[in-house]
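Chains as they are written, first to last, in this note's numbering: chain S, 1 to 339; chain G, 1 to 291; chain Y, 1 to 333.
Hints in this document: simulated from the structure, not taken from any laboratory. Honestly, I wouldn't trust all of these hints.
The list that follows gives simulated cross-link-like pairs (lysine-lysine, DSSO-like), each with its CA atoms no further than 27 angstroms apart [to be verified]:
hint	chain 1	residue 1	chain 2	residue 2
1	G	K193	Y	K198
2	G	K7	Y	K89
3	Y	K198	G	K179
4	S	K126	S	K152
5	G	K193	Y	K113
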Amino acid sequence: MAEPLLSIRNLSVQFFTYQGVVRALEGIDLMIQRGEILGLVGETGCGKSVLARSILRLVPDPPGKITQGEIRFKGEDILRVNGKRLREIRGNEISMIFQEPMSSLNPVFTIGNQMAEVVILHQRVKRDRARAICLEMLSQVKMPDPDRVLSKYPHELSGGMKQRAMIAMELSCRPALLIADEPTTALDVTVQGQVLTILDDLVRRIGASVLFISHDLGVIAQLCDRVSVMYAGRVVETAPVEALFARPRHPYTVGLLQAIPSTHEERDSLMTIPGVVPRLIDPPPGCRFAPRCAKRFEPCDRVVPPLSEVEPGHAVACHLYPGAPEDATRKSVGAGEDG
Amino acid sequence: MWDTFRKERAWQIKEFFFTLRLLRQNPSAVAGFLIIALVTLMALAAAFVAPYDPIRISLGERLRPPSAAHLFGTDELGRDILSRVMYGAQISLRIGVLVVVIAGGCGALLGAISGYLGRRVDNLIMRVMDVILSFPPLVLALALAAAMGPSLNNAILAVAFVMIPKFARLVRGEALSVKEKQFITAARASGAKSLWIILNHILPNCVSSVIVLSTLILGETILIAASLSFIGLGAQPPTPEWGAMISVGRKFLLDQWWYATFPGLFILVTVIGFNIFGDALRDILDPRIRR
Amino acid sequence: MPPVIEAIDLVKYFPIYGGLFGRKVEYLKAVDSVSLAIHPGETLGLVGESGCGKTTVGYLLLNLLQCDRGQVLHHGVDITRLRGNALRKVRRNLQIVFQDPQSSLDPRMLIKKTVGYPLEVNGLARGSEVVSRVKRILAEVGLDEDHMYRYPHEFSGGQRQRIGIARALITGPEFIVFDEPTSALDVSVQAQILNLIKELQARHGYSYLFISHNLSVVRHVSHRIAVMYLGTIVEAAPRAALFERPRHPYTRALLASVPEPNPQRRHVLGVLSGDVPSPVNVPTGCRFHPRCAEAMEKCRSVAPVSLEVAPGHSVACHLYGPSESDGGTRRQR
Numbered sequence: 001m002a003e004p005l006l007s008i009r010n011l012s013v014q015f016f017t018y019q020g021v022v023r024a025l026e027g028i029d030l031m032i033q034r035g036e037i038l039g040l041v042g043e044t045g046c047g048k049s050v051l052a053r054s055i056l057r058l059v060p061d062p063p064g065k066i067t068q069g070e071i072r073f074k075g076e077d078i079l080r081v082n083g084k085r086l087r088e089i090r091g092n093e094i095s096m097i098f099q100e101p102m103s104s105l106n107p108v109f110t111i112g113n114q115m116a117e118v119v120i121l122h123q124r125v126k127r128d129r130a131r132a133i134c135l136e137m138l139s140q141v142k143m144p145d146p147d148r149v150l151s152k153y154p155h156e157l158s159g160g161m162k163q164r165a166m167i168a169m170e171l172s173c174r175p176a177l178l179i180a181d182e183p184t185t186a187l188d189v190t191v192q193g194q195v196l197t198i199l200d201d202l203v204r205r206i207g208a209s210v211l212f213i214s215h216d217l218g219v220i221a222q223l224c225d226r227v228s229v230m231y232a233g234r235v236v237e238t239a240p241v242e243a244l245f246a247r248p249r250h251p252y253t254v255g256l257l258q259a260i261p262s263t264h265e266e267r268d269s270l271m272t273i274p275g276v277v278p279r280l281i282d283p284p285p286g287c288r289f290a291p292r293c294a295k296r297f298e299p300c301d302r303v304v305p306p307l308s309e310v311e312p313g314h315a316v317a318c319h320l321y322p323g324a325p326e327d328a329t330r331k332s333v334g335a336g337e338d339g
Numbered sequence: 001m002w003d004t005f006r007k008e009r010a011w012q013i014k015e016f017f018f019t020l021r022l023l024r025q026n027p028s029a030v031a032g033f034l035i036i037a038l039v040t041l042m043a044l045a046a047a048f049v050a051p052y053d054p055i056r057i058s059l060g061e062r063l064r065p066p067s068a069a070h071l072f073g074t075d076e077l078g079r080d081i082l083s084r085v086m087y088g089a090q091i092s093l094r095i096g097v098l099v100v101v102i103a104g105g106c107g108a109l110l111g112a113i114s115g116y117l118g119r120r121v122d123n124l125i126m127r128v129m130d131v132i133l134s135f136p137p138l139v140l141a142l143a144l145a146a147a148m149g150p151s152l153n154n155a156i157l158a159v160a161f162v163m164i165p166k167f168a169r170l171v172r173g174e175a176l177s178v179k180e181k182q183f184i185t186a187a188r189a190s191g192a193k194s195l196w197i198i199l200n201h202i203l204p205n206c207v208s209s210v211i212v213l214s215t216l217i218l219g220e221t222i223l224i225a226a227s228l229s230f231i232g233l234g235a236q237p238p239t240p241e242w243g244a245m246i247s248v249g250r251k252f253l254l255d256q257w258w259y260a261t262f263p264g265l266f267i268l269v270t271v272i273g274f275n276i277f278g279d280a281l282r283d284i285l286d287p288r289i290r291r
Numbered sequence: 001m002p003p004v005i006e007a008i009d010l011v012k013y014f015p016i017y018g019g020l021f022g023r024k025v026e027y028l029k030a031v032d033s034v035s036l037a038i039h040p041g042e043t044l045g046l047v048g049e050s051g052c053g054k055t056t057v058g059y060l061l062l063n064l065l066q067c068d069r070g071q072v073l074h075h076g077v078d079i080t081r082l083r084g085n086a087l088r089k090v091r092r093n094l095q096i097v098f099q100d101p102q103s104s105l106d107p108r109m110l111i112k113k114t115v116g117y118p119l120e121v122n123g124l125a126r127g128s129e130v131v132s133r134v135k136r137i138l139a140e141v142g143l144d145e146d147h148m149y150r151y152p153h154e155f156s157g158g159q160r161q162r163i164g165i166a167r168a169l170i171t172g173p174e175f176i177v178f179d180e181p182t183s184a185l186d187v188s189v190q191a192q193i194l195n196l197i198k199e200l201q202a203r204h205g206y207s208y209l210f211i212s213h214n215l216s217v218v219r220h221v222s223h224r225i226a227v228m229y230l231g232t233i234v235e236a237a238p239r240a241a242l243f244e245r246p247r248h249p250y251t252r253a254l255l256a257s258v259p260e261p262n263p264q265r266r267h268v269l270g271v272l273s274g275d276v277p278s279p280v281n282v283p284t285g286c287r288f289h290p291r292c293a294e295a296m297e298k299c300r301s302v303a304p305v306s307l308e309v310a311p312g313h314s315v316a317c318h319l320y321g322p323s324e325s326d327g328g329t330r331r332q333r
């Protein structure tokens, strides 16, 4: 199998606060291949945003700290590169778009200004060449009237157009990896449809990989090639998208799928998962989902279930599926111990 | 009964101790608090700790410099300055607290009504506040005190009047933002009347900013009251108010420096104490910094 | 059975001030001639994207906003004409639950007071009776007695929504407007709240207006659904009919844009071009015509009226209109 583009191994992130240590991420294993769209799904507080920011070392320190693990991008460990290399990577080889287009764009500069800044910084070209590149990118995201848009300010554009401008800006340097943190959550559904279609088209053309973070399982189903499900700071299941929806294994994934209403069929009452997400300051020992799990049995409260493969490419972290202890998704490179 | 009270106030008690802990860690808060504490202690204990009766005249000991018997020296009527300064603390603090309570109460209510009801009522109240604010506070207080007649109580009322717009402006601003919250619409949807909403929703949400403003105003009040007494419009002789003492002590400044210096020093330190404590408190109570 | 609440030709324009002297420059046409009716025990889902006016309709139905024209009938009485105490009396019957669990509860008010005050301000109960009623309603929405003595920030989003629901229900209303009650909640919590809402309706016979932009959620809770676009209702139908046989091009586009959580059935998501327009510059004729794939000449100049195309199913679209001269049955539902 080819070397993955991004390989996260045993990543742990903690936040040191007044109330205690928040164990936001614990032993995360994740892989993204070249040209693949990996969906990262989970509810509030599961750590998906922290994970996204950790990749680019954007976790505020203090109070956050990456306590262990490695993030290998094109072979090098991002957590250990120097400042210069990190700046090269950010925006150029790995780009990121956020949920709120309102706050990602600087309100006092024009769109053209901000886009050109990124292009000039990373591609080291002159102004007019940069402008041409920007126009090209705007037309690729099907922005109406790209010429005029360049001289507009963010507040003059609608949410959908802002997000398109962001996509254009972040993809202008043809990064190998795009991290999209809930990019369409704040948009209306018809606008979301447009933006997702454009995004899908563009990344496939550029050949970029995407880490697509969302809590919306519908979007994940429509867009992604593979999916990782997170719960309370851990990855609980990873699988190709059809397998995840057709044969979900982890009880949390099952519960999640049963809880979503659908426009395409009727259900009398939605299945719910009893209880609430645990606080990450004092998480339950063992499996973090155990307190809410209907299938919980003896080892669940004591031992953390490792992520193990049940089918090729489909891994679950659950004692119900012990699988092979070592597998494709978790190669030990010295750091095999659990955090 | 006590049980319910404790349950209901549990969170507020926890918050209070959390605030205390934050204050303890802030150097200016601690410094300010110590000053305030000392002055307050002095004021409360004056009757027990003051070595002499502040108004007892002893013509044989006029204008003595600081000594073992009179730590701060004596004034032109032989009265012990230390004792007078201690009782002066009582007076200054009383003025400060009364002014803050009166101005804060009226100002907050006016501000909340103004902000919540908006439009014409808001316009009317705020224009009146603007008029008051357009005068330098001391000048206006002076004019009022002069009109009402020189006495300590009149001085208190005059200063309170001058401080009302500051509270009103502050609370009005908060009211404007609280007004937009959904729980206000919910209250209207449940049939609550405007006055109920102002008293039960708007005002409680302004409490922490009012507290911070109060500590700052306290300092300014002491200063203005002292200035009024200095001119003769506030405390009347023989009341040992700090400003009044400076007023008389001015004449003796060259040769008997202690007379005006000690009361002046105390005014300075007290006002600074309230100011830095208020500043630190404002930072600490700021919800963005708290969590 | 006669409807619990009925809106007839509601209009609400918000003036926009501008210029040097703050004159009225333009109008934001939030709601433009909306009519609907909700019967006892029924849930009407009101669906649409941002700017379509659905939240404004909710507020107009409760007279939290005064309409510019039109009527809102509650048991035959026009509540838009009521003031003061008469209005307050009616308010006990018509309640609302809000979207944002953060700002819908007063952070400085004990839950006991937050849930109980509707009883006090309306003079329905005092003292210990309030406490016992609060306990009862908290139990009904799935919370503990002890929660009375806490403050909002100690609760999760889902729990706060339950508190909001408890507050709305404590006076025993007949009709409740739910304004995007689950939009800010996680999927699993959303499921709990939706189940709760349905249970309460089954138990007490409440009528609901359920406002949401999320079609799947609306499908789950509603009996009938009305689709809004730029201040008007473009289609209204019983639930099954709307999802299986949508007529209006906007409804169809909306349904097609909803990503289905089934990777085996992938479909194109971006079916509608252009942005959701602003209610300040409303297009002439049919408001949807600039984005409509099936727009005709007529659509540019003549606004379509709502016509019944099947029992209980009405559409406002020239594709389904009568021909020019025959007066089609004009039914507002």
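We went through each hint and held it up to the structure:
| no. | hint | in the structure |
| --- | --- | --- |
| 1 | K193(G) <-> K198(Y) | violated, 32 angstroms |
| 2 | K7(G) <-> K89(Y) | violated, 33 angstroms |
| 3 | K198(Y) <-> K179(G) | violated, 32 angstroms |
| 4 | K126(S) <-> K152(S) | holds, 21 angstroms |
| 5 | K193(G) <-> K113(Y) | holds, 16 angstroms |
Violated hints, listed in ascending order, are 1, 2, 3; each of the other numbered hints is respected by the structure.
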